[in-house]
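Listed in order, the protein sequences are those of chains W and A.
First residue of the first sequence? That's 2 in this note's numbering, and the numbers climb one at a time after it.
First residue of the second sequence? That's 635 in this note's numbering, and the numbers climb one at a time after it.
Since the hints were made in silico from the structure, they are not lab data.
The structure presented is a predicted model; accordingly, all values stated were derived computationally and were not measured.
Keep in mind that a hint or two might mislead.
[Claimed, not checked] Pulled a few chain A residues facing chain W out of the computed Cβ check, cut under 8 Å:
| hint | residue |
| --- | --- |
| 1 | 733 |
| 2 | 893 |
| 3 | 1036 |
| 4 | 1042 |
| 5 | 1046 |
| 6 | 1062 |
| 7 | 1064 |
| 8 | 1066 |
| 9 | 1067 |
[Claimed, not checked] Here are some chain W residues the structure puts well away from chain A; computed CB gaps all over 10 Å:
| hint | residue |
| --- | --- |
| 10 | 10 |
| 11 | 16 |
| 12 | 22 |
| 13 | 76 |
| 14 | 132 |
| 15 | 135 |
| 16 | 249 |
| 17 | 275 |
| 18 | 277 |
Virtual Cβ for every residue (Gly too), placed ideally from N, Cα, C.
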Amino acid sequence: MKRVQFSHSPIPYLFIAPQIIIICIFFLWPAAQAIYQSFLLEDAFGLSSQFVWFKNYKDTILTDAWLQSAGFTLVFSFLVTFLSLALAMLLAVKANEVIQGARTYKTLLMWAYAIAPPVAGLMGNLMFNPLIGDLYYFLNAMGWDFNHKLDSFDAGFVVILIAVWKQVSVNFIFFLSGLQSIPKSVLEAATIDCKSNLRRFWTMTFPLLAPTTFFLVVINITYAFFETFGIIDTTTGGAPGGSTSTLVYKVFTDGFRGNDLGGSSAQSVVLMLMVLALTVIQFRFIERKVHY
Amino acid sequence: MLKRTLTAIGAFSCLATISVANAATEVQWWHAMGGRLGEVVDEIAVKYNASQSEYKLVPTYKGGYEDTMTAGIAAFRAKQQPHILQIFDAGAATIINAKGATIAVADLMAEHGAGFNKEDYLAGVRNFYADSDGKMIGMPFNSSTPLLYYNKEAFKKAGIATPPKTWEEFEAIAPKLKEAGYIALAQSHSPWIFTENFHSRHNLQMATANNGYDSTDVKIMYNNPELKMHWGKVKEWLDKGWYGYYGRAWGDNQDAFIQKKTAMWLGSSGSFGGLTKSAEFEFGGSFLPYWKSIVDEPKGTFIGGAALFAMSGHDDEEYKGVADFMKFLTSPEMQYFWHKETGYVPITNAAYDLAKNDGYYETTPDAEIGILQLNQPGGDWTKGYRLGYYVQIREVLYKHFDDIFAGKLSVDDAFAKIEEESNDLLERFNATYN
Chain W
2 MKRVQFSHSP
12 IPYLFIAPQI
22 IIICIFFLWP
32 AAQAIYQSFL
42 LEDAFGLSSQ
52 FVWFKNYKDT
62 ILTDAWLQSA
72 GFTLVFSFLV
82 TFLSLALAML
92 LAVKANEVIQ
102 GARTYKTLLM
112 WAYAIAPPVA
122 GLMGNLMFNP
132 LIGDLYYFLN
142 AMGWDFNHKL
152 DSFDAGFVVI
162 LIAVWKQVSV
172 NFIFFLSGLQ
182 SIPKSVLEAA
192 TIDCKSNLRR
202 FWTMTFPLLA
212 PTTFFLVVIN
222 ITYAFFETFG
232 IIDTTTGGAP
242 GGSTSTLVYK
252 VFTDGFRGND
262 LGGSSAQSVV
272 LMLMVLALTV
282 IQFRFIERKV
292 HY
Chain A
635 MLKRTLTAIG
645 AFSCLATISV
655 ANAATEVQWW
665 HAMGGRLGEV
675 VDEIAVKYNA
685 SQSEYKLVPT
695 YKGGYEDTMT
705 AGIAAFRAKQ
715 QPHILQIFDA
725 GAATIINAKG
735 ATIAVADLMA
745 EHGAGFNKED
755 YLAGVRNFYA
765 DSDGKMIGMP
775 FNSSTPLLYY
785 NKEAFKKAGI
795 ATPPKTWEEF
805 EAIAPKLKEA
815 GYIALAQSHS
825 PWIFTENFHS
835 RHNLQMATAN
845 NGYDSTDVKI
855 MYNNPELKMH
865 WGKVKEWLDK
875 GWYGYYGRAW
885 GDNQDAFIQK
895 KTAMWLGSSG
905 SFGGLTKSAE
915 FEFGGSFLPY
925 WKSIVDEPKG
935 TFIGGAALFA
945 MSGHDDEEYK
955 GVADFMKFLT
965 SPEMQYFWHK
975 ETGYVPITNA
985 AYDLAKNDGY
995 YETTPDAEIG
1005 ILQLNQPGGD
1015 WTKGYRLGYY
1025 VQIREVLYKH
1035 FDDIFAGKLS
1045 VDDAFAKIEE
1055 ESNDLLERFN
1065 ATYN
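Assemble the whole structure, with the sequences as input and the hints as a guide.
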């Protein structure tokens, strides 16, 4: 059978060229540099370097510190994603039902979105300061022997709390618009069929929100992996005992504090692969369950 | 049209070159001095620029010590490095071992007519930023040393007359302070005060190869009984409520002292100026305590803080400016000014004499403690250390000290890990820089 051939015009390529160029310059080239650097042992000033194959990987990956950091990253990312999505969904559903003063209410919930992670971290730092922090005193007064400078669980609590607080408002905006795009007629029909609010939510609203939720899961995992860096840097700095250092934060401390470029690059390449794998899993297995 | 534009551009660029030629040669100085210290740095620049017209010194604040070092390194790689870069003690090995990144200040000043005589500098200052032959590579700038500060009111309340000279004395007075409602002690930098200077104070070797000065092929010696005994004690003090730990941030521990939570605080001689402003009680300074059980007479401490390095890759005219400024900066008058404004120690004998003759220490005797401590007799292991990836080794220390405090690791296990992880880092550094 003869396939139909269309004559190709070069114009479409021209149109996507800017995007391709941006991807090449800002994503592919740095990634290639990181991979190249991860095979080098180079002094900080770039005066001498030697090719060492996988030495950097051997020295930095699967060490105690790396494993600790990887473990924390997984727990941290899961909790931040789950909690900030759950809270935001709850708030959005409730805000969607509010009739009186709805706009004020919604605006107030969106405010925290405008706060940059490091600023959120600084604010949290003040609130948990052992000398003047209100939350620090409050938690201790509640009978929790709270000391995030010494206790790794408490320190994890602090960074997760701040990271979730910061992210809830973003998720809230998306959920709210997701909710508002669900046709009223569908919900009304459901109301006739089923009296239970909760049941209606799980059988109707939740599945209809699935595309939004899926999108937000991807966004939130990326947030927890990478953008919470500023929060960690300004609150715990990875302490105590490296227990709140995410993989990205470790890449930063080794590379930009310690000036070990090769080791830091090796870690970021591994991180890149991890995120790649995670994204593939998300799109392969979770997206299937999403109906658009 | 096009022609006219080109002519205009040509004319403009001619003008631009002329104005550059007329201007003084710029000398860029990247530093890590924030807050009040940054203001004093700016004042130094104003004074220098007013003192002559050939060079224009431009100081730029680049953030903390690590940020400044990273910024300097990134700039060097992009061939945009400043003329003068401030590098802190823990980063010294990185910059000095990068052959060709800097020009030794001793050579630079001698070559460009600024003159250089090592003997002019205080004994405790001379060697830290020098190579193994004793040639000064970096010019010590903000030089400090750990000191003990104590709250006089708290001591009066607890019925204690003098600050502790030794840790044995500390253990005797700590319960009294606790009874008076104070945590006895906090300190702001465990690697610097409770590790590095611990070795200097007790004249203990820190690392093989002459504390790392002779070679990059070096092993850490932190896993020693004296240091482990000390940390065992610190953990004990913490559990007894004699020692407060407010995290690793310098300021949080200092604040605990300022807010009268702790009766004593180990900080830097450079903290003196800041404390005078913020503490609303009478406080005094004293020497860093030592263990009588280890040494009878303590040795001097290391000089901490940071030094100024002349970066390579500039032209002679600019280096003349760098040398000229270094000469200005090390003049007795400027050193005295810096000493008085910040509490950092003056680095030359002449400046110290000037301060003495001016009667400064009669009115503010505490300002002299740092210098006296640096000038205490030295031993084999008091001139400093030169260890690669030391910024990360400090991270390793912090990490495992946290583990000791939290009771996650015993002192023995923690130091075994410190030794292992530090040696891995030193090995990587050796492989990288050789």
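So, going through the hints one by one against the coordinates:
Residue-level restraint check for residue 733 of chain A holds (minimum Cβ-Cβ distance to chain W is 7 Å; threshold 8 Å). Taken as an interface hint, residue 893 of chain A checks out: its beta carbon lies about 6 Å from the nearest beta carbon of chain W, inside 8 Å. Restraint check, residue 1036 of chain A versus chain W: the minimum CB separation of about 4 Å is within 8 Å; hint holds. Evaluation of the residue 1042 of chain A hint against chain W yields a held restraint, the C-beta minimum of about 7 Å falling below 8 Å.
Of the supplied interface hints, the one on residue 1046 of chain A is violated, with its beta-carbon coming no nearer than about 16 Å to a beta-carbon of chain W, more than 8 Å. Proximity of residue 1062 of chain A to chain W holds as hinted, the smallest CB-CB distance being about 6 Å (cut-off 8 Å). Given the 8 Å rule on beta carbons, the hint for residue 1064 of chain A is violated: about 10 Å separates it from the nearest Cβ of chain W. Checking residue 1066 of chain A against chain W by beta carbon gives a least distance of about 5 Å; that is within 8 Å, so the hint holds.
Residue-level restraint check for residue 1067 of chain A holds (minimum Cβ-Cβ distance to chain W is 5 Å; threshold 8 Å). No Cβ of chain A approaches the Cβ of residue 10 of chain W within 10 Å, the least distance being about 34 Å, so the stated non-interface status holds. For residue 16 of chain W, the shortest C-beta to C-beta distance to chain A comes to about 31 Å, beyond the 10 Å cut-off, and the non-interface label holds. Against the 10 Å criterion, residue 22 of chain W stays outside the reach of chain A, whose nearest CB is about 22 Å from its own CB.
For residue 76 of chain W, the condition that its CB be more than 10 Å from all CB atoms of chain A holds, with the nearest at approximately 17 Å. With 10 Å as the threshold on Cβ separation, the claim that residue 132 of chain W sits away from chain A is violated: the shortest Cβ distance comes to roughly 6 Å. Interface exclusion of residue 135 of chain W from chain A stands, the closest Cβ pair being 16 Å apart, more than 10 Å. The claim that residue 249 of chain W lies off the interface holds: its Cβ sits roughly 16 Å from the closest Cβ of chain A, which is beyond the 10 Å cut-off.
Every CB of chain A is more than 10 Å from the CB of residue 275 of chain W (nearest about 23 Å), matching its label as outside the interface. Distance to chain A confirms residue 277 of chain W as a non-interface residue, since its nearest Cβ pair spans about 27 Å, more than 10 Å.
In the structure shown, a violation is registered for the earlier hints numbered 5, 7 and 14, in ascending order.
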